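Can you make the complete structure from the sequences, with help from the hints?
Each chain is listed here by its residues.
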Amino acid sequence: MSATRSKRTEPILSARGIVNRFGKQQVHDRVDLDVEAGEVLGIAGGSGSGKSVLLKTLIGLHQPDSGKVLIDGKPIDSIGAQEKAALIGVLFQQGALFSSLSVSQNVMLPMREYTDLPVSEQEQIAAVKIELTGLSADSAVKFPAQLSGGMVKRAALARALALDPRMLFLDEPTSDLDPLTASAIDELILQLNRGLGITVVIVTHDLTTLLTVCDRIAVLVDGKITVGTVEKLARSHDPWIRDFLHGPRAQGAMKARRFNHGIR
Amino acid sequence: MPGAHSQWSSPTLAIEGNDDRLSLDGVLGIRTLDQARQALERWRKQRKSHVLDVSKLSGLDMPGAMFLCELRDKHVELAGVQPEHEALLELIGGLQRKPLTKPPAVPRWRQLVIQLGKGADDFWHDAIDITVFVGRTMSAFGHALRHPSSLRPASISRQIAETGINALPIVGLMAVMISVVIGYQSVAQLRPYGGEEFTISLIAVSVLREMAFTAEIGVMKAREEIDALNSMGLQPFDLLVLPRMIGLIIALPLLTFFADIMGLLGGAMIAQSLLHVSPSQDMERVREAVGVSDLFVGLVKAPVFAFFIATVGCMHGLRVRGSAESVGRETTRAVVKAIFLVIVFDALFSVFFEKVGL
Ligand SMILES: Nc1ncnc2c1ncn2[C@@H]1O[C@H](COP(=O)(O)OP(=O)(O)OP(=O)(O)O)[C@@H](O)[C@H]1O
Ligand SMILES: [Mg+2]
Numbered sequence: 001m002s003a004t005r006s007k008r009t010e011p012i013l014s015a016r017g018i019v020n021r022f023g024k025q026q027v028h029d030r031v032d033l034d035v036e037a038g039e040v041l042g043i044a045g046g047s048g049s050g051k052s053v054l055l056k057t058l059i060g061l062h063q064p065d066s067g068k069v070l071i072d073g074k075p076i077d078s079i080g081a082q083e084k085a086a087l088i089g090v091l092f093q094q095g096a097l098f099s100s101l102s103v104s105q106n107v108m109l110p111m112r113e114y115t116d117l118p119v120s121e122q123e124q125i126a127a128v129k130i131e132l133t134g135l136s137a138d139s140a141v142k143f144p145a146q147l148s149g150g151m152v153k154r155a156a157l158a159r160a161l162a163l164d165p166r167m168l169f170l171d172e173p174t175s176d177l178d179p180l181t182a183s184a185i186d187e188l189i190l191q192l193n194r195g196l197g198i199t200v201v202i203v204t205h206d207l208t209t210l211l212t213v214c215d216r217i218a219v220l221v222d223g224k225i226t227v228g229t230v231e232k233l234a235r236s237h238d239p240w241i242r243d244f245l246h247g248p249r250a251q252g253a254m255k256a257r258r259f260n261h262g263i264r
Numbered sequence: 001m002p003g004a005h006s007q008w009s010s011p012t013l014a015i016e017g018n019d020d021r022l023s024l025d026g027v028l029g030i031r032t033l034d035q036a037r038q039a040l041e042r043w044r045k046q047r048k049s050h051v052l053d054v055s056k057l058s059g060l061d062m063p064g065a066m067f068l069c070e071l072r073d074k075h076v077e078l079a080g081v082q083p084e085h086e087a088l089l090e091l092i093g094g095l096q097r098k099p100l101t102k103p104p105a106v107p108r109w110r111q112l113v114i115q116l117g118k119g120a121d122d123f124w125h126d127a128i129d130i131t132v133f134v135g136r137t138m139s140a141f142g143h144a145l146r147h148p149s150s151l152r153p154a155s156i157s158r159q160i161a162e163t164g165i166n167a168l169p170i171v172g173l174m175a176v177m178i179s180v181v182i183g184y185q186s187v188a189q190l191r192p193y194g195g196e197e198f199t200i201s202l203i204a205v206s207v208l209r210e211m212a213f214t215a216e217i218g219v220m221k222a223r224e225e226i227d228a229l230n231s232m233g234l235q236p237f238d239l240l241v242l243p244r245m246i247g248l249i250i251a252l253p254l255l256t257f258f259a260d261i262m263g264l265l266g267g268a269m270i271a272q273s274l275l276h277v278s279p280s281q282d283m284e285r286v287r288e289a290v291g292v293s294d295l296f297v298g299l300v301k302a303p304v305f306a307f308f309i310a311t312v313g314c315m316h317g318l319r320v321r322g323s324a325e326s327v328g329r330e331t332t333r334a335v336v337k338a339i340f341l342v343i344v345f346d347a348l349f350s351v352f353f354e355k356v357g358l
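Protein chains in written order, with the numbering used here: chain A, 1 to 264; chain B, 1 to 358.
Everything labelled a hint here was simulated from the structure, so no lab data went into it. Since this is a predicted model, take the numbers as computed values, not measurements. All C-beta atoms in this analysis are idealised placements derived from N, C-alpha and C, irrespective of residue type, glycine included. There may be inaccurate statements among the hints.
As the list claims (entries may be wrong) - Okay, the calculated bits of chain B under chain A, using three or more residues with CB under 8 Å as the criterion:
1. 22 to 36
2. 81 to 88
3. 94 to 108
4. 314 to 327
Dropping the structure here:
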């Protein structure tokens, strides 16, 4: 299915000439990136290569040293809070759940702030989103300190989905999960993308996610970015990318990809 | 489909048609849900058979899909569902959609009783915990004294630096200011003063240190650093608690002495400016008025307070569970408890010194 959706559309988000520095360390060196409406874009790269910082730059949480980010052609910092909330949902690497609120309260918080639905309706919506991410109903009343690492991820995903955003940014959504739950999350990301047309940007080390869920992959190496489909990247001459996509771990994921694409 | 949401002015929904067949035109989403629910509920109650035409829907989000699934469950027929909407309806329809479980509500008066009981229980457990902790500290102390090599001079001296040297400016300033205030008052009321009052500034400083202890150890606990120490066979007690405790016990009496000196200096200043008593005359009078015992009392109390403050601080640090929020909670508790303990021990000391006649 992903192969059929290669039509060129207006990018929903475009970043131009992003430079990020921390002291002497240059994390991004004039990075350009377009995210097309309706696609699933994976961002890969070694640990510390600047994926999380790039993600924060894309959603306007980190002010780059130079360069700009446009959403629908508008500079990201000109977008109002309410509009941004309906536009963007974020899953942070550490979950970032509010520790004084229960899981369901966490999910309801954006709805409480930005809609005037009755509380009972908000609760129903929250319950569905919590169920959607695979959390059991009784974990909804738990507080973040009482959750396992994987449950935190899922609760944070439910919160990111609270307002049905047009774009979903996920920082390592499957990194703390067992393989079965990770596959379920992969499947959910695809369903959200196909069913709701949500554009998804995933930062991940998980080769299976990259190869089976993502339409295109952006790889960060030495502050530069290379973007393309898996097929295109597999022919890259960059040693890191080559090792990444042809290493022993990639073989299994490649099989999963062929299998997945076969049945789709 | 993505285009459906693409402009930000609020999305609109038109509900058209009559009788048994209505049609939705526009976006059925979180912002139009209320409107749709009100209109359709009325319609659903009035009519027997229902057909809802959704072929003209340009946008559908999850709350919208939930609503449609709910209608479908209530025997409303959905007509003209677009394929991409069907996928979403299937996704949502496949869920159980159970309502959130809520903890049962407890009446207010029972909450009060429960809280009282919990408070008493906490108090009891705290008393036991402190006793146990003091015992463990004593034993670690004893062990350290018998094996001086296991004392960590580097970390103790760092603690002394942080507690003592870094606190010098603030303690000095507070002592001077307190003695100025007391000076004014004693001039007005002809009240003699001793070193006693400077304890306040020390308690302030030590409570600040205590907050730091709880927070430092608590953050380490929350980030599993304490577990990491344990897994390496290292005792958090020897590594974290003892140096802080010994550091504070050494630093606090020294600070007391420093505060006394600064207080006398402040007193001399006020005597000079208000009473035109020269500093050397002032010194003479101080020697008559203030006995060695005043100094002694302060110096005896300081290490005891230091011990309890450090105990409570470290104990609450180690009690942190899980999240960062718990660090804040334990820090607050530690401060409250330390102030309570300091007041109790201050009272006990007063009684004791009265009896021994100091
Ligand atoms: N606030 C900061 N101050 C200084 N340096 C920072 C800061 N945030 C990130 N860095 C540095 O920027 C680099 C990129 O960090 P980033 O968190 O984006 O890595 P990452 O690619 O997400 O790694 P991982 O896969 O481990 O999450 C790292 O070298 C990090 O040390
Ligand atoms: Mg990261």
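Please check whether the region 314 to 327 of chain B has three or more residues whose CB lies within less than 8 Å of a CB on chain A. Since 6 is at least three, the answer is holds.
With a Cβ-Cβ cutoff of 8 Å, does the region 22 to 36 of chain B contain at least three residues near chain A? Per the Cβ count (5), the hint holds.
The region 94 to 108 of chain B covered by chain A? Criterion: 3 or more residues, Cβ-Cβ distance below 8 Å. The restraint on the region 94 to 108 of chain B holds, since 9 of its residues have a Cβ under 8 Å from chain A and three suffice.
For the region 81 to 88 of chain B, do three or more residues have a beta carbon lying closer than 8 Å to a beta carbon of chain A? holds (count 3)
When the structure is compared with the earlier hints, no violation turns up for any of them.
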